[in-house]
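Trainee: Chain by chain, the residues:
There are 2 protein chains.
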Amino acid sequence: MAIATETLSDVCRAAKRASRVLATLDTQTKDAALEAIASALEERVPEILEANALDLEAGRASGLSEALVDRLALTPARVAAMASGVRAIAALPDPVGELLESFRRPNGLEIRKLRVPLGVIAVVYEARPNVTIDAAALCLKSGNAVVLRGSSSAAHSNSILGAVAAEAASGAGVPEGAIAVIQGRGREELRELATQTAQIDLIIPRGGEGLKAALLEHATVPVIYAASGNCHVYVDASADLEQARRIVLNAKVQRPGVCNAAETLLVHRDVAAVFLPDVAAALVGAGVELRGDELARELSRPVEIAPASAEDWDTEYLELTLAVAVVDSLEAAVEHIAEHGTGHSEAIVTRDQDAAQRFQLAVDAACVYVNASTRFTDGGEFGMGAEIGNSTQKLHARGPIGLRELCTYKYLIEGDGHVRS
Amino acid sequence: MAIATETLSDVCRAAKRASRVLATLDTQTKDAALEAIASALEERVPEILEANALDLEAGRASGLSEALVDRLALTPARVAAMASGVRAIAALPDPVGELLESFRRPNGLEIRKLRVPLGVIAVVYEARPNVTIDAAALCLKSGNAVVLRGSSSAAHSNSILGAVAAEAASGAGVPEGAIAVIQGRGREELRELATQTAQIDLIIPRGGEGLKAALLEHATVPVIYAASGNCHVYVDASADLEQARRIVLNAKVQRPGVCNAAETLLVHRDVAAVFLPDVAAALVGAGVELRGDELARELSRPVEIAPASAEDWDTEYLELTLAVAVVDSLEAAVEHIAEHGTGHSEAIVTRDQDAAQRFQLAVDAACVYVNASTRFTDGGEFGMGAEIGNSTQKLHARGPIGLRELCTYKYLIEGDGHVRS
Numbered sequence: 003m004a005i006a007t008e009t010l011s012d013v014c015r016a017a018k019r020a021s022r023v024l025a026t027l028d029t030q031t032k033d034a035a036l037e038a039i040a041s042a043l044e045e046r047v048p049e050i051l052e053a054n055a056l057d058l059e060a061g062r063a064s065g066l067s068e069a070l071v072d073r074l075a076l077t078p079a080r081v082a083a084m085a086s087g088v089r090a091i092a093a094l095p096d097p098v099g100e101l102l103e104s105f106r107r108p109n110g111l112e113i114r115k116l117r118v119p120l121g122v123i124a125v126v127y128e129a130r131p132n133v134t135i136d137a138a139a140l141c142l143k144s145g146n147a148v149v150l151r152g153s154s155s156a157a158h159s160n161s162i163l164g165a166v167a168a169e170a171a172s173g174a175g176v177p178e179g180a181i182a183v184i185q186g187r188g189r190e191e192l193r194e195l196a197t198q199t200a201q202i203d204l205i206i207p208r209g210g211e212g213l214k215a216a217l218l219e220h221a222t223v224p225v226i227y228a229a230s231g232n233c234h235v236y237v238d239a240s241a242d243l244e245q246a247r248r249i250v251l252n253a254k255v256q257r258p259g260v261c262n263a264a265e266t267l268l269v270h271r272d273v274a275a276v277f278l279p280d281v282a283a284a285l286v287g288a289g290v291e292l293r294g295d296e297l298a299r300e301l302s303r304p305v306e307i308a309p310a311s312a313e314d315w316d317t318e319y320l321e322l323t324l325a326v327a328v329v330d331s332l333e334a335a336v337e338h339i340a341e342h343g344t345g346h347s348e349a350i351v352t353r354d355q356d357a358a359q360r361f362q363l364a365v366d367a368a369c370v371y372v373n374a375s376t377r378f379t380d381g382g383e384f385g386m387g388a389e390i391g392n393s394t395q396k397l398h399a400r401g402p403i404g405l406r407e408l409c410t411y412k413y414l415i416e417g418d419g420h421v422r423s
Numbered sequence: 003m004a005i006a007t008e009t010l011s012d013v014c015r016a017a018k019r020a021s022r023v024l025a026t027l028d029t030q031t032k033d034a035a036l037e038a039i040a041s042a043l044e045e046r047v048p049e050i051l052e053a054n055a056l057d058l059e060a061g062r063a064s065g066l067s068e069a070l071v072d073r074l075a076l077t078p079a080r081v082a083a084m085a086s087g088v089r090a091i092a093a094l095p096d097p098v099g100e101l102l103e104s105f106r107r108p109n110g111l112e113i114r115k116l117r118v119p120l121g122v123i124a125v126v127y128e129a130r131p132n133v134t135i136d137a138a139a140l141c142l143k144s145g146n147a148v149v150l151r152g153s154s155s156a157a158h159s160n161s162i163l164g165a166v167a168a169e170a171a172s173g174a175g176v177p178e179g180a181i182a183v184i185q186g187r188g189r190e191e192l193r194e195l196a197t198q199t200a201q202i203d204l205i206i207p208r209g210g211e212g213l214k215a216a217l218l219e220h221a222t223v224p225v226i227y228a229a230s231g232n233c234h235v236y237v238d239a240s241a242d243l244e245q246a247r248r249i250v251l252n253a254k255v256q257r258p259g260v261c262n263a264a265e266t267l268l269v270h271r272d273v274a275a276v277f278l279p280d281v282a283a284a285l286v287g288a289g290v291e292l293r294g295d296e297l298a299r300e301l302s303r304p305v306e307i308a309p310a311s312a313e314d315w316d317t318e319y320l321e322l323t324l325a326v327a328v329v330d331s332l333e334a335a336v337e338h339i340a341e342h343g344t345g346h347s348e349a350i351v352t353r354d355q356d357a358a359q360r361f362q363l364a365v366d367a368a369c370v371y372v373n374a375s376t377r378f379t380d381g382g383e384f385g386m387g388a389e390i391g392n393s394t395q396k397l398h399a400r401g402p403i404g405l406r407e408l409c410t411y412k413y414l415i416e417g418d419g420h421v422r423s
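Protein chains in written order, with this note's numbering: chain A, 3 to 423; chain B, 3 to 423.
Check each hint, because a few of them may be wrong.
One copy or two, either will do: identical chains are not told apart, so a pair holds if it fits within one copy or between any two.
Claimed, not checked - List of simulated lysine to aspartate or glutamate pairs, EDC-like, C-alpha gap at most 20 angstroms:
no., residue 1, residue 2
1, Lys115, Asp28
2, Lys214, Glu191
3, Lys115, Asp418
4, Lys115, Asp380
5, Lys115, Glu103
6, Lys214, Glu128
7, Lys115, Glu383
8, Lys115, Glu416
9, Lys115, Glu100
Since the hints were derived computationally from the structure, they do not count as laboratory data.
Taking the hints into account, I'd like the entire structure generated from these sequences.
Mentor: The following block contains the structure:
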């Protein structure tokens with residue numbers, strides 16, 4: 003645990019030292035430490051709620067909205083959920099030490115490519131205090147030290163949760179410094195963290211565009227951005243329209259505030275006149291506000307749709323709003339997605355295998371769906387277990403960032419006095 | 003090919019458009035285009051040498067050293083070597099479309115993880131003109147568009163080589179804009195290139211620390227740094243000393259100017275008195291200047307060694323100089339490497355299997371050798387074929403950057419009307 007008198011660079015150096023030991027811990031030790039963390043969370047509920055109450059009080063005093071206060075609030079049930087999340091991570095396969103490749107060169111050199119931890123991961127988050135525990139558990143399981151920097155509004159909660167995790171882990175054989183919490187002391191400190199290239203191997207931000215912009219400007223440490231998702235559902239000429247309606251509704255309505263929810267519906271001209279009035283009525287019935295291009299508005303009648311502005315195609319609403327456009331072809335849909343998409347999750351609804359394949363090949367995104375809702379982009383839904391976010395970048399990790407994505411690899415080469423000629 | 007009147011952002015946008023088509027080309031088309039490039043190089047030797055002569059003339063006039071003039075110079079043999087390099091890349095397996103994983107979820111969703119091109123890769127280089135062709139061929143084979151930015155001293159050579167490649171590729175069905183050369187118009191332009199996040203998916207710099215610093219400061223596009231190699235050979239207490247001598251000499255002397263050459267020799271105290279006089283004599287005999295810590299100097303006698311300063315441990319000499327230290331244990335060697343190494347290539351010479359394993363696990367580097375020279379860190383030596391550099395970073399690509407490392411992946415998910423509940 004970071005103590006107030008330690009400097010940021012002390013904390014990072016201690017994490018680096020701890021990471022060398024962590025990288026060599028066996029699965030059993032790491033899993034036992036995770037179980038110790040889960041038990042400690044369950045045992046220390048009163049302390050945790052007490053610290054959380056201080057944050058809630060300060061939040062209410064400073065006029066935090068009720069929605070934000072609710073995100074911040076811990077309850078015995080929420081703490082229990084954290085503990086069971088930690089146990090679920092313990093139950094996942096250990097990614098460290100996995101042999102990715104192994105080959106023998108003609109000269110007799112034996113080369114193995116082995117998955118190893120990254121080292122020290124900094125997680126910068128603005129959200130719920132449970133991220134403290136989720137991130138600590140994922141990093142520990144993947145053999146990484148973690149430096150956690152939550153928001154100042156959750157300072158007491160994050161601090162006690164970090165202390166509970168660090169103390170339990172340390173009692174179970176995890177080196178001191180492996181789980182550290184630093185408090186959000188403003189952008190100056192974020193900049194310092196983001197330039198500790200000798201100590202920090204990766205920064206994962208979980209927050210809004212302001213946080214992303216600050217890191218883009220200042221970070222010299224590698225960053226994986228869990229960027230926004232401007233996701234599309236394209237209803238092809240040959241779509242099963244009943245299926246299409248179900249998928250569009252699910253992608254928009256089931257949980258509109260998340261990055262894998264749909265923000266734009268694209269409909270092939272050949273089915274627009276049949277499909278649009280039906281789906282528009284269903285969407286409006288579910289409380290969705292629609293904004294359409296001219297043709298979409300015309301073909302949706304009798305449902306009345308507001309006109310879409312140019313910005314609508316680039317907007318991640320994260321609420322019950324959906325942009326609607328009619329396109330002339332699959333290629334036009336692909337083009338629209340290339341221009342406006344963010345490379346997160348894109349879907350086609352079609353009964354035409356060839357169209358499905360063309361769409362999947364041509365669309366440049368982490369996840370490309372055929373006849374399924376974009377809402378499935380999620381580490382849990384992919385069977386990877388918990389995730390620390392979804393990456394829309396192409397380097398290193400694309401899509402759900404789970405345990406394996408928190409690792410790198412190294413080559414181990416064995417010779418018998420081999421020299422190069 | 004970029005024409006002088008095109009702006010940098012025109013070139014990048016054209017490359018992005020081309021990359022969408024490139025990503026869908028089959029192996030046969032790409033290999034035929036590579037063969038066309040190889041033939042065109044062979045056919046257009048006179049033009050290429052003529053352009054090169056202009057660069058050589060300007061270089062001599064501006065007082066370029068003979069070594070740099072030699073790096074710049076093209077000959078019929080060097081052009082032929084480029085052509086055969088392109089054919090070797092054509093002969094490599096196509097990384098694109100490789101199925102990395104495939105699984106079916108309990109709900110029936112079929113998920114495939116497929117290797118796909120990154121998109122547009124910018125290669126910024128200061129070195130020999132042959133990089134123009136190497137980089138173009140590697141990017142084409144991996145389905146990526148490439149924007150090539152060489153140094154102004156090689157402007158005419160890079161321009162004709164880029165034109166030869168682009169024209170030949172375009173005649174063989176590769177979209178226009180897939181291979182573009184821009185001229186080094188100074189740091190302002192580099193900054194513009196390094197911030198084209200909508201068009202460029204990756205920048206690979208091949209150059210000195212100045213280039214790296216400029217990119218670290220300005221780049222918002224992802225960069226893979228092929229950083230320097232401060233590589234160590236550690237001679238363990240149980241080493242076969244004859245093998246150790248051979249490996250140390252090879253790692254230092256065989257080609258001192260490259261990143262996988264050794265820069266520091268660490269010797270276990272138990273064998274230092276026997277090993278050092280012998281290896282020091284051999285190294286000095288091979289023209290190596292030695293700089294030792296106190297104990298190394300004492301134990302190397304009768305060979306006289308200059309004292310090492312604190313900076314020596316952090317210096318990548320890239321010439322016939324070697325720092326030498328005596329360490330008390332394998333752990334002390336690991337500690338020294340953790341403090342001074344750059345994570346490139348590190349070697350232990352030992353007959354003790356347990357020591358070998360401890361070293362390989364504990365040393366955090368791209369390539370960790372047992373009883374072999376560090377000089378083997380190379381795409382060709384690893385059987386990956388040509389490489390575009392060696393990465394010392396941990397994200398995405400570590401070690402040799404070959405065809406697969408120029409790719410990303412995407413998830414293709416097929417359902418039958420699946421929605422999330």
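Trainee: Between copies, within a copy, both or neither: which fits lysine 214 and glutamate 191 at Cα up to 20 angstroms?
Mentor: So lysine 214 and glutamate 191 pass the 20 angstroms test inside one copy only (15 angstroms; across, 24 angstroms).
Trainee: When no copy is specified for lysine 214 and glutamate 128, does a C-alpha distance of 20 angstroms or less occur within a copy, between copies, both, or neither?
Mentor: within (12 angstroms within a copy, 32 angstroms between copies)
Trainee: Check lysine 115 against glutamate 103 for me: Cα-Cα at most 20 angstroms, and say if that holds within a copy, between copies, both or neither.
Mentor: Cα proximity of lysine 115 and glutamate 103: in one copy and across copies (5 angstroms, 18 angstroms).
Trainee: With 20 angstroms as the alpha-carbon cut-off, assign the pair lysine 115 and glutamate 100 to within, between, both or neither.
Mentor: both (9 angstroms within a copy, 18 angstroms between copies)
Trainee: 20 angstroms Cα cut-off: does lysine 115 pair with aspartate 418 within a copy, between copies, both or neither?
Mentor: within (19 angstroms within a copy, 38 angstroms between copies)
Trainee: Pop the pair lysine 115 and aspartate 380 into one bin, within, between, both or neither, using alpha-carbon distances up to 20 angstroms.
Mentor: between (28 angstroms within a copy, 14 angstroms between copies)
Trainee: Are the CA atoms of lysine 115 and glutamate 383 at most 20 angstroms apart within a copy, between copies, both, or neither?
Mentor: between (28 angstroms within a copy, 14 angstroms between copies)
Trainee: Within, between, both or neither: how does the pair lysine 115, glutamate 416 come out at a Cα-Cα threshold of 20 angstroms?
Mentor: Within one copy, since 12 angstroms is at most 20 angstroms while 31 angstroms is not.
Trainee: With identical chains, the pair lysine 115 and aspartate 28 could be close in the same copy or across copies; at 20 angstroms between alpha carbons, which is it: within, between, both, or neither?
Mentor: within (19 angstroms within a copy, 29 angstroms between copies)
In this structure, none of the earlier numbered hints is contradicted; all agree with it.
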